[in-house]
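S.K.: Those protein sequence lines, which keep their order, are chains R, S and U. Take the first sequence: its position 262, counting from 1, is numbered 262 in our numbering, and each next residue is one higher. Take the second sequence: its position 152, counting from 1, is numbered 152 in our numbering, and each next residue is one higher. Take the third sequence: its position 73, counting from 1, is numbered 73 in our numbering, and each next residue is one higher.
It is worth saying that the hints were derived from the structure and are not from the lab. Every residue, glycine too, gets a C-beta built ideally from N, C-alpha and C. A few of these clues could be false.
[Stated by the list, open to error] Partial list, derived from the structure: chain U residues whose beta carbon lies under 10 Å from chain R:
{"hint": "1", "residue": "Tyr-13"}
{"hint": "2", "residue": "Cys-15"}
{"hint": "3", "residue": "Val-30"}
{"hint": "4", "residue": "Val-31"}
{"hint": "5", "residue": "Arg-40"}
[Stated by the list, open to error] In silico DMTMM-like links for lysine to aspartate or glutamate, alpha-carbon gap of 25 Å or less:
{"hint": "6", "chain 1": "R", "residue 1": "Lys-516", "chain 2": "U", "residue 2": "Glu-14"}
{"hint": "7", "chain 1": "S", "residue 1": "Lys-214", "chain 2": "R", "residue 2": "Glu-586"}
{"hint": "8", "chain 1": "S", "residue 1": "Lys-347", "chain 2": "R", "residue 2": "Asp-380"}
{"hint": "9", "chain 1": "S", "residue 1": "Lys-233", "chain 2": "R", "residue 2": "Asp-176"}
{"hint": "10", "chain 1": "R", "residue 1": "Lys-516", "chain 2": "S", "residue 2": "Asp-181"}
{"hint": "11", "chain 1": "S", "residue 1": "Lys-233", "chain 2": "R", "residue 2": "Glu-290"}
{"hint": "12", "chain 1": "S", "residue 1": "Lys-347", "chain 2": "R", "residue 2": "Asp-378"}
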Amino acid sequence: MANISLTQHCPLACDYCFARSLPDDFNLPDFMSRATFDWALHLLQRSGIRQVRLLGGEPTLHPQFPSLVEDIIKAGLDLMLFTNGQMSDSIIDCLAELPTERVSILVNAATCLFTAGSALDPSVAGLFRRLGNRIALGLNISSPAGLSDHILNHVSRYGLLPAVRLGLAHPHAAADRPFLHPRLYRMVGERLVAFLDRARQLGIEVNLDCGFVPCMFPNGGQELEPELARQIGRRCSPIPDILPDGSVIACFPLARKGRFRPDNGDDLAEIRNRFSALEQSFESLGIFPECAACRARSNGCCSGGCRAAAIRRLRQQPFTFTMSAHDTPSDPFVTHGPNRRETADPDRLAAYDRSAPPRWVIPYVDQPLTFWQQLADDFDPKLLSVYLPLPGTAVGSGRPRQPMAHLAEFLEHRLFPVNVLVNPIVLPKPLDKIWPDIAHALREFERRHGMVSVTTADLLLAERIRQEFPDCTIAASVLMDIATSWQAHLLNGVCDVLVPSSQVMRNLPALRELRKAFNGRIRLIVNEACLPGCPYRRQHFFEMGQEEALPHSLCEPLLKAHPWLRLTGAWVLPQHLHFYDGLIDEWKLAGRVTLQDPVRYRRVLSAYLARTPMQPHEIGGGPASPLHPLDIEADFFQQTLTCDRRCQACSVCREYMTARMKHQPEV
Amino acid sequence: MSKLPDSDLFAVPLPKGFLLFSPRRRLAVRLNRQALMVLFRIFVAGDHPSGLSPEMDALVAELSQPPEQVIPSANTAVSPPFLGLITTRACNLACAYCAFGSRTSPDERMPLATAVAAVDWMAHQARRLARETLDIHFFGGEPFAAPEVVDTAVLRGRIMAEQSGLRPHFEASTNGYYTADQADFIGAYFHAVVVSIDGPAPVHDRHRPAAPGKGSFDRVAETIQRLGRWELKLCLRVCVSTENVASLEEIVSWLGHTFRPSVINLETLQPTPESVAAGLRPPDPVEFAVHGHRAIRRARSQGIKAVYSAAEMDGPRYTFCPVGRDTIIVSPDGQAASCYLPRWEWKQRDLTLEVGRVDGANLHVDSRAIRRVRRAAAHKPRCRRCFCRWTCAGGCLVNQTWPGCPHAYDDFCRQTRLLSACALLDAMGDSAEADGVLTDARAMAVLAEHADDRLENFPTMAGGHG
Amino acid sequence: MVEPAAPGRIIQYECASTTTWAVDDRGVIVVDGSTGAIRRIPHPEAAVWALIQRPYAWGRVMNILSAATGLDGAAASSLLQRCLAEWTAAGLIRMTTKDALESIAHG
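Turn these sequences into a full structure, and let the hints steer you where they fit.
M.R.: Listed below in structure tokens is the structure:
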């Protein structure tokens with residue numbers, strides 16, 4: 001058999017039509033020329049073909065259709081005509097005069113002409129009345145709902161041949177046309193069983209075109225009658241399609257994969273041979289991933305469905321896989337490069353996954369082991385580490401010394417990873433002089449308590465730590481005052497974590513810039529609570545590191561004069577954390593001093609973990625947060641995250657506080 | 001003819017007549033009161049009237065056949081239908097009605113070794129049971145919030161399936177809120193996926209925000225579109241509340257046209273403290289039945305299967321959910337149980353659903369525990385009198401039919417009864433009668449509240465007079 | 001065998017623009033569009049193909065590969081290295097090296 005496509009033209013626009021799907025660059029003529037048709041007819045004759053199958057578009061639109069058909073009959077060949085059924089009376093007359101036993105007509109039940117519940121298109125009805133006894137119906141299934149048994153009613157109504165041909169709308173050479181996706185095959189199969197049942201009741205034979213597979217049926221095709229079961233699972237054995245320009249393709253869905261002009265001496269067998277390489281090359285591909293291991297396939301009962309649908313499974317998706325230069329086969333889990341560092345600890349790996357919810361770094365307060373055990377039981381997976389100053393006298397932590405009666409026990413039990421602070425705002429001595437003491441103290445700590453992570457306020461110190469302890473996680477402290485993308489860029493290759501400056505803690509655009517510039521993780525302190533850009537900050541932290549007692553905040557007079565400034569402080573309430581979602585990798589809770597009370601500690605931590613509402617005076621932290629009960633509404637807080645920080649000219653915070661302030665004793 | 005040892009004959013009152021339903025014989029037929037009385041006399045009173053019509057004779061003969069045994073015997077070998085892996089209880093959404101507590105669940109992730117041990121165990125079971133596939137289902141929280149665990153289990157599963165002569169089969173229940181890369185990985189490696197989407201953006205985002213004030217619809221819709229380009233079976237799950245029940249038919253139609261799923265599952269909201277705080281409520285059961293049935297029909301016309309699981313009529317069962325089906329579901333902490341709900345939920349019902357534990361590199365399953373769970377799942381005193389006994393099978397054991405639960409019908413029962421009756425009528429080709437039920441408030445009330453559907457109760461039954 | 005680059009250098013593997021592939025239950029089928037060659041990647045190498053496409057750092061890739069294949073760290077790393085070398089030689093992927101800072105600056 002061979003198909004001759006006389007034209008691509010058709011008045012209908014069925015969205016699944018394969019004929020319309022040929023690429024524009026095929027440059028096909030509107031209609032097959034007489035010469036080409038004669039050549040094609042001759043090709044079929046010398047190939048021993050007995051039946052000519054004419055299709056299109058709509059083949060009856062060819063200006064010479066009657067004479068073409070006459071030539072087919074004169075050549076002693078039979079004719080099978082594929083048509084949409086809409087044709088002129090003269091064409092019907094022409095077909096009516098042809099010998100009945102040599103002409104069969106397949107009318108494609110196009111959706112627009114055969115709508116369930118509506119009258120049949122008048123021209124098609126006219127064709128049926130005149131030539132019904134030569135006409136079989138065909139139906140292309142492009143959706144599960146498209147398989148409807150209402151077309152079966154036309155067979156008896158118009159005396160059509162009791163035969164229906166079903167086809168699946170296969171993918172097209174042009175990728176963007178609708179087709180029946182294989183994942184919908186099962187749904188079609190279920191409806192097909194009911195359709196076949198109905199057809200059987202009406203005495204109508206059903207034939208299946210290519211591409212039906214056993215697995216689309218509920219019982220693997222075993223519920224089908226043997227004759228029908230033999231029609232499923234077979235791989236397309238190309239009936240070559242001869243296009244209007246005389247070129248040949250294996251089939252329309254595979255038009256892109258192979259098209260050529262046969263030599264004058266070729267016959268169909270030789271043409272099929274040229275397509276056989278195409279047949280064989282994708283033999284291993286099936287329409288489903290399951291095809292590779294399918295028993296029906298291995299038994300030869302199924303060849304894996306439509307080849308075009310199978311080829312369509314091949315995807316081209318760019319990817320890049322990065323290996324650090326220092327990843328060596330002998331030590332696969334630890335890298336020593338300046339950039340990413342991973343360990344075998346899945347918790348560490350999880351921290352790099354920005355799709356994972358951020359975890360928390362929490363302060364050490366001097367409480368018995370039971371306090372920490374309870375925290376671990378209740379919150380462990382959400383907690384990343386506990387931070388505390390590096391024990392010993394090597395260097396200060398930027399705060400007055402805190403009680404440490406339970407510290408040894410806490411460190412010994414290793415309930416949590418520990419993050420040591422080596423972050424005085426200014427080192428008490430030049431780095432070269434103090435570095436040996438710091439290194440010794442860190443080495444001792446590592447030896448006794450395991451791998452450390454370190455937070456430091458000095459970039460030079462960070463570089464020294466990096467060289468000496470390549471596997472240590474290094475965080476740039478909030479006191480390093482990193483606020484710009486250039487500063488963040490300088491940290492790349494040295495620090496793993498960046499705690500943004502209090503200047504930008506409530507500045508989402510600035511935080512986004514930091515994130516773009518910094519390769520590591522962003523950790524935000526939720527209650528640092530200093531005034532952004534406070535001019536007294538550095539001196540205050542220096543004094544805090546010098547004295548035993550906690551000195552007064554140097555910003556107090558400023559806050560007394562302008563209490564609304566407290567609304568601009570570097571703090572965020574639990575119920576507003578979501579504004580930072582997607583921007584922050586880790587959270588930090590401050591409070592080595594302010595959260596020493598265990599009940600308050602747990603209450604504040606729980607609220608932050610569960611994002612339940614609190615008021616600013618409840619969260620502790622630095623000085624610049626409201627001291628009185630005050631509801632911070634989401635709209636207001638959100639506004640302050642993107643405002644231009646021209647507080648001297650703005651009255652938003654001032655008015656907010658004035659409107660909501662309640663006179664209560666300071667807590 | 002002997003009396004029925006276990007009630008498998010139910011008479012459900014309709015506006016006109018009754019629906020005789022024998023679930024374990026897979027038989028349903030509409031009868032009038034007189035015909036039912038004849039059956040009552042035969043099967044309950046032990047009478048043998050003569051002069052029955054041929055149709056009645058045939059029906060009696062069919063009902064005299066022994067019913068299908070649905071509850072596995074105590075000696076039946078343990079046969080888990082699939083391995084469930086809860087990769088994490090955490091979730092990256094903040095759904096207002098989450099019954100898993102995922103918004104505040106710990107971010108604990110299943111260790112990779114636990115996942116491997118569980119997969120290896122299931123491969124061994126599948127081989128032992130001469131299965132064709134190695135079935136692994138992923139749950140959460142959001143299972144893809146622990147992607148490394150999923151990847152490990154999938155890749156291990158593929159290797160073990162190959163070694164065992166099995167085909168891998170992976171399914172996941174997911175929120176769809178992730179990157180295109182992740183969606184493509186699922187499309188390439190999974191065989192079925194259930195994605196939750198509750199309607200177009202306004203209602204979906206009301207139900208399922210990513211965070212307070214932030215919707216998830218755009219990304220979820222994009223994920224579903226992306227998944228639809230792959231070969232896996234695409235199922236959509238819709239949670240129905242008062243917010244979307246009235247537009248359920250339109251929602252289902254829109255889902256069908258937009259995403260072309262294979263199945264749409266309709267579920268009603270289970271109230272939680274969070275859902276109450278968010279102002280979300282389950283739909284009125286009658287309203288849900290009316291709109292749900294219309295939605296199911298609309299989907300059918302599009303060639304899509306829409307289901308309300310409790311009213312699925314494709315065969316009798318003794319349990320609604322994985323519990324009692326020998327299912328093994330492994331949690332992040334390595335415990336194996338029959339249920340994927342958090343442990344505290346069963347505990348508060350005094351249920352023991354643990355069946356094993358991962359210990360090092362091995363999953364140890366206690367077959368006695370599995371058999372105990374089977375018995376618990378099969379014992380449903382609450383459902384004894386309800387015609388849905390062998391189809392709904394009591395709904396969720398933990399939330400609906402726990403030991404000692406009250407026997408009175410609740411809204412779940414009412415909507416299930418209404419939808420089950422209409423599903424039966426539709427399957428019998430009697431859609432007109434189904435419509436008659438759903439447009440008759442009194443008939444619905446009678447059907448929904450009918451306390452005892454068993455044939456032995458028939459003489460006292462009201463309704464059915466038309 | 002892939003040679004590690006000098007310190008400060010990063011090695012990257014990219015999918016060739018003419019490479020297409022499809023996953024099936026027996027592994028992965030990869031097609032070199034430039035030559036038409038079709039190749040099946042069986043298990044366990046198919047796991048490597050899957051993992052190098054995921055947005056994971058190298059350490060996580062190794063953890064998962066080790067767990068999924070049952071190989072210890074060294075063997076898993078050898079498997080990865082072998083696959084990368086073979087696929088590079090087959091033209092399915094391309095290897096590039098770049099300076100670490102350059103890679104940061106250009107994102």
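S.K.: Is the straight-line distance between the alpha-carbon of S:Lys-347 and that of R:Asp-380 25 Å or less?
M.R.: holds (22 Å)
S.K.: Within a Cα-Cα threshold of 25 Å, do R:Lys-516 and U:Glu-14 meet the stated pairing?
M.R.: holds (23 Å)
S.K.: Does R:Glu-290 lie within 25 Å of S:Lys-233 when you go C-alpha to C-alpha?
M.R.: holds (12 Å)
S.K.: For the hint on U:Tyr-13, just tell me whether its beta-carbon gets within less than 10 Å of chain R.
M.R.: Holds: closest Cβ of chain R sits about 5 Å from U:Tyr-13, inside 10 Å.
S.K.: Double-check U:Arg-40 for me: the hint is only fine if its C-beta lies closer than 10 Å to a C-beta in chain R.
M.R.: Given a least distance of 6 Å, the restraint on U:Arg-40 holds.
S.K.: If you take the shortest Cβ to Cβ gap from U:Cys-15 to chain R, is it below 10 Å?
M.R.: holds (5 Å)
S.K.: Check whether the Cα positions of S:Lys-214 and R:Glu-586 lie no farther apart than 25 Å.
M.R.: holds (20 Å)
S.K.: Using 10 Å as the Cβ threshold, decide whether U:Val-30 counts as touching chain R.
M.R.: Hint holds; U:Val-30 Cβ to chain R Cβ min 9 Å, cut 10 Å.
S.K.: Is the hint on U:Val-31 kept, meaning its closest Cβ partner in chain R is under 10 Å away?
M.R.: holds (6 Å)
S.K.: Regarding the pair S:Lys-233 and R:Asp-176, is the alpha-carbon distance no greater than 25 Å?
M.R.: Roughly 22 Å between the alpha carbons, so the hint for S:Lys-233 and R:Asp-176 holds.
S.K.: Is S:Lys-347 close enough to R:Asp-378, meaning Cα to Cα at most 25 Å?
M.R.: Within the cut-off at roughly 18 Å; holds.
S.K.: Taken at face value, is the distance from the CA of S:Asp-181 to the CA of R:Lys-516 at most 25 Å?
M.R.: It holds: about 21 Å lies between the C-alpha atoms, which stays within 25 Å.
When the structure is compared with the earlier hints, no violation turns up for any of them.
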